[in-house]
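In case you want the letters, here they are:
There are 2 protein chains.
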Amino acid sequence: MKAPIIILDHPQLGENIGAAARAMGNFGLSQLRLVNPRDGWPNKQANIMASNAVAIVENAQVFTTFAQAAHDCQIIYTTTARDRYMNKPVVSPRIAANEMVTTHGSLQSALVFGPERTGLENDVIARADCIINIPVNAQYPSLNLGQAVVVCAYEWYAASMNGTWQPTLDPTENVRATKQEMENLFIHLETKLDENGFFKTRDNKPHMIRNIRTMLTRANFSDQEVRTFRGMIRNLTESEQRFE
Amino acid sequence: MKAPIIILDHPQLGENIGAAARAMGNFGLSQLRLVNPRDGWPNKQANIMASNAVAIVENAQVFTTFAQAAHDCQIIYTTTARDRYMNKPVVSPRIAANEMVTTHGSLQSALVFGPERTGLENDVIARADCIINIPVNAQYPSLNLGQAVVVCAYEWYAASMNGTWQPTLDPTENVRATKQEMENLFIHLETKLDENGFFKTRDNKPHMIRNIRTMLTRANFSDQEVRTFRGMIRNLTESEQRFE
Chain X
0 MKAPIIILDH PQLGENIGAA ARAMGNFGLS QLRLVNPRDG WPNKQANIMA
50 SNAVAIVENA QVFTTFAQAA HDCQIIYTTT ARDRYMNKPV VSPRIAANEM
100 VTTHGSLQSA LVFGPERTGL ENDVIARADC IINIPVNAQY PSLNLGQAVV
150 VCAYEWYAAS MNGTWQPTLD PTENVRATKQ EMENLFIHLE TKLDENGFFK
200 TRDNKPHMIR NIRTMLTRAN FSDQEVRTFR GMIRNLTESE QRFE
Chain D
0 MKAPIIILDH PQLGENIGAA ARAMGNFGLS QLRLVNPRDG WPNKQANIMA
50 SNAVAIVENA QVFTTFAQAA HDCQIIYTTT ARDRYMNKPV VSPRIAANEM
100 VTTHGSLQSA LVFGPERTGL ENDVIARADC IINIPVNAQY PSLNLGQAVV
150 VCAYEWYAAS MNGTWQPTLD PTENVRATKQ EMENLFIHLE TKLDENGFFK
200 TRDNKPHMIR NIRTMLTRAN FSDQEVRTFR GMIRNLTESE QRFE
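Chains X and D are the protein sequences, given in the same order. The opening residue of the first sequence carries number 0 in numbering that gives the first Met the number 0; numbering runs sequentially from there. The opening residue of the second sequence carries number 0 in numbering that gives the first Met the number 0; numbering runs sequentially from there.
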């Protein structure tokens, strides 16, 4: 599958170019193209904001027209927040990402973002195969350029990893306790509670025990945590004896 | 369903607080809480970066400890990029968002983000019900704070709208052409091509016609576009006559 090229058309702020590059790095994209960046190129702010993805900024290609920037692309997705009244499909970034990875996986795609103040010109959108519209709250509809790139790059990364897209951290190093370890804990705890007169009436005791077992089962203790809990019971009951 | 509170723990840069607020506005979140922002509060850079979501910055609540900031929350999701070796579930932002909206929809949740340089302290993560880990490219693993908020807020918004999460733009104002309009177009085009000797051999003609019909059918013309196309045919054939 080919990763999309990110094209920023007439971007204004170096900070947003750098933010876009940083998000590209996070989410597996590397080809950045700029059409006529307003403040010239290279741009120091872009390098600073790119942080550890500065290589993506340094390798960015600069063009004078959108047509040149898109010359070798085969399918173009343009982002816009405004109605353009053109006869083109309009999709969410999630649908676009899935299309890019599946149906159009063999094509060189481009994700195109317009200048901060005005968005893409209609002449650019007319060249697009598809329009991406990021759903937003109507009360705060204005998306930052760099943040729009975050959303689209993130969705592409998720789609490209398909079933293997998941946290990279190990959820736990611990081993879930066995039911025998839990049973021993319950008996330890209930015995101590019984000795200390916790169960006011004999009638109430089975109900209380069921509640305690329910609440502690839900905590999904590891074997180590069972040992810690039993240590706490020993500590508390020993302290109490010390005060007698 | 209750929207999550965003808690930024010891945030360093006002720009990132403002960027977080802006993304919150875009994606339907409004409650921002700060624990000990490094550069004090209020912070002018936060207001500038928040853009049209400046009200979220102005309404942010500031606390001196994480426990105070989370006092009325019922379920806490902390974000981290590093292994913490704690016995807690680790999920993607998409799974977390779906949990917040479905299983835990009646609980007041908090999404917690740590300081830029170090991430959350282990003591804060120990208070969390769940860890969110945003899958990233191992080559560029460092996420910007504001951009991490974008991803989590975006996923919450998508999950909260469930089946109704889709572009807000109207895909087209146009009416797809009827098959009779397409048939009339094909006959018009094929007649003119035939008059001009386009079909070199009689044998080849049915095959060429099928190719032309296939390629133009794929363009999914509207009724207006069929009229435009037929206008172009008339124009081109008239021009040709003028040159004779």
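Misleading hints may appear alongside valid ones.
You can't tell identical chains apart in this list, so a pair holds if it fits in one copy or across any two.
Listed next, the in silico DSSO-like pairs over lysine-lysine satisfying Cα-Cα at most 30 Å (straight line) [to be verified]: (1) LYS178 to LYS191; (2) LYS191 to LYS87; (3) LYS178 to LYS87; (4) LYS1 to LYS199.
Simulated from the structure, these hints should not be mistaken for laboratory data.
Results of checking the hints against the structure:
no., hint, result
1, LYS178 to LYS191, "within (20 Å within a copy, 83 Å between copies)"
2, LYS191 to LYS87, "between (72 Å within a copy, 29 Å between copies)"
3, LYS178 to LYS87, "between (59 Å within a copy, 19 Å between copies)"
4, LYS1 to LYS199, "neither (70 Å within a copy, 40 Å between copies)"
Hint 4 from the list above is the single one not met by this structure.
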